[in-house]
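> Sequence order for the protein chains is Y and P. Residue numbers for the first sequence, in the working numbering: 7 to 118. Residue numbers for the second sequence, in the working numbering: 191 to 304.
By construction, these hints were calculated from the structure, which means they are not laboratory data. The C-beta atom is built at its ideal place from N, Cα and C for all residues, glycine as well. Honestly, I wouldn't trust all of these hints.
[As the list claims (entries may be wrong)] Heads up, simulated DSBU-like pairs for lysine-lysine below, C-alpha to C-alpha not over 30 angstroms straight-line:
#1 Y/113 / Y/21
#2 Y/63 / Y/11
#3 Y/48 / Y/63
#4 P/199 / Y/48
#5 Y/48 / Y/113
#6 Y/105 / Y/21
#7 Y/64 / Y/77
#8 Y/74 / Y/113
#9 Y/11 / Y/113
#10 Y/105 / P/199
#11 P/204 / Y/48
#12 Y/77 / P/199
[What the hints assert, rightly or not] Computed beta-carbon distance windows for the label pairs:
#13 P/253 / Y/14: 28 to 34 angstroms
#14 Y/59 / P/241: 25 to 31 angstroms
#15 Y/115 / P/192: 28 to 34 angstroms
Below, each chain spelled out in residue letters.
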Amino acid sequence: QQQVKQSPQSLIVQKGGISIINCAYENTAFDYFPWYQQFPGKGPALLIAIRPDVSEKKEGRFTISFNKSAKQFSLHIMDSQPGDSATYFCAASTRGSEKLVFGKGTKLTVNP
Amino acid sequence: NAGVTQTPKFQVLKTGQSMTLQCAQDMNHEYMSWYRQDPGMGLRLIHYSVGAGITDQGEVPNGYNVSRSTTEDFPLRLLSAAPSQTSVYFCASSSERGGSYEQFFGPGTRLTVL
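Chain P with its partners taken away, still in its complex shape (with noise of 0.2 angstroms):
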């Protein structure tokens, strides 16, 4: 199993640009999400799904849109750039563990707007 995966590793944005960051995972979780992780803020949950066709908002979804059409794959969309927006993103999926969930995570996206 390759997990769950992430592309691109690197990317730079000029402020108001477009982008996708994708994330695909495949060990059939139903459970995918999004966060970034920016230096001293810990990991902000941004948006998440909890199976195809369903997804919803986190702590910081401004900027962001999501879908899921299928299982295996949960895009973060940018819709227009912001410096803001510069940060590490991290996809992670979730399977069930002795009654709680264990996260697992993509090796993140590195994202600069310039």
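If we strip away everything but chain Y, and leave its shape as in the complex, we get (with noise of 0.2 angstroms):
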């Protein structure tokens, strides 16, 4: 049972673009939303994160918007640049607890 699904698994963007990514969640009880960066033969690290009572959080180029009712969130990636270029994962957490459900994850390239 994948708890967050994440769309798409790889994606290509040229330089200056934006870059977007998807996640849907199906458990209710989650209440904190982080984005993961990941570089290769790195462990991942947070980059920005969300709680469910704000719609938007930006920080930077980075901006995750959340939709409460559809359960999705987002991770969206303005001017995109080639230091971008890695994998990025959400997850998502219940309240009080430190146990995070990761995404599977998504290659993000950017082309100069």
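Join these two chains into a complex; the hints should help.
Next comes the structure, spelled out in structure tokens:
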């Protein structure tokens, strides 16, 4: 049972374009939704996170959009750069829990 | 702070061999966990610990054992390695951040079982 479904599996974007990665969940008890970024040969690192009491959170070129009624959230990378090429994972957890459930990941390639 | 450290970085085992993957953190985090990462499968939780002396199973615990005798260390033991355990293993520890928890990952151990 996959609790967090992530799409697409891979994404190719031109430099300066917008990258969009989508995730959907079923468990309505989830109330924390982080995104992790992983470069080749490295461990994942927290990029940005959101709680369901807001519909959008922006940090620099990275924005999370959250739709509670649809149980979906997405990561938008504005002005994508080659240095953004990495694998991105969405995740979710319930209140007070440190256990994260991860999506299967999206490999983003930003061409120069 | 060194953060989360893992040893070894690479390991090749033969089927049936046993080994221990080491994980240590110097951030005084109570929660630690082990994941395996396989192509197209994301990160799957193997075991986790909410503090010294307390461990529990995650999504894919079969074939693995853990113990947590200190806050700093959380080793993962493969009892009898199988080719299906070929994977990249990540250890993580987490701390509270604004009411939520940020997980800090180690650099990973790439394991091949022949």
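> Against this structure, judge whether each hint is valid.
Against the structure, the hints come out as follows:
1. Among the hinted pairs, residue 113 of chain Y with residue 21 of chain Y is consistent with the structure: their alpha-carbon atoms are about 15 angstroms apart, no more than 30 angstroms.
2. Pair hint residue 63 of chain Y plus residue 11 of chain Y holds up; C-alpha atoms about 21 angstroms apart against a cutoff of 30 angstroms.
3. For the proposed pair residue 48 of chain Y and residue 63 of chain Y, the alpha carbon gap of about 26 angstroms is at most 30 angstroms, so the pair holds.
4. As the CA atoms of residue 199 of chain P and residue 48 of chain Y are separated by approximately 11 angstroms, the hinted pair is consistent with the 30 angstroms bound.
5. The straight-line distance between the Cα atoms of residue 48 of chain Y and residue 113 of chain Y is roughly 14 angstroms, inside the 30 angstroms bound, and the hint therefore holds.
6. At most 30 angstroms may separate the alpha-carbon atoms for a hinted pair to count; residue 105 of chain Y and residue 21 of chain Y exceed this at roughly 35 angstroms.
7. For the suggested pair residue 64 of chain Y and residue 77 of chain Y, the alpha carbons sit about 19 angstroms apart, so the restraint of at most 30 angstroms is met.
8. Among the hinted pairs, residue 74 of chain Y with residue 113 of chain Y is consistent with the structure: their alpha-carbon atoms are about 25 angstroms apart, no more than 30 angstroms.
9. Between residue 11 of chain Y and residue 113 of chain Y, the direct Cα distance comes to roughly 15 angstroms. Compliance with the 30 angstroms bound is thereby established for this hinted pair.
10. Taken as a hint, the residue 105 of chain Y and residue 199 of chain P pair is honoured in the structure, with Cα atoms around 25 angstroms apart against an allowance of 30 angstroms.
11. A hinted pair counts as satisfied when its Cα atoms are at most 30 angstroms apart, and residue 204 of chain P with residue 48 of chain Y qualifies at roughly 25 angstroms.
12. With a C-alpha separation of about 38 angstroms, the suggested pair residue 77 of chain Y and residue 199 of chain P falls outside the 30 angstroms cut-off, and the hint is violated.
13. The beta-carbon spacing between residue 253 of chain P and residue 14 of chain Y, approximately 32 angstroms, falls within the hinted interval of 28 to 34 angstroms.
14. In this structure, residue 59 of chain Y and residue 241 of chain P meet the distance hint of 25 to 31 angstroms, their C-beta atoms being roughly 29 angstroms apart.
15. Against the hinted window of 28 to 34 angstroms, the Cβ-Cβ separation of residue 115 of chain Y and residue 192 of chain P comes to about 32 angstroms, which satisfies the hint.
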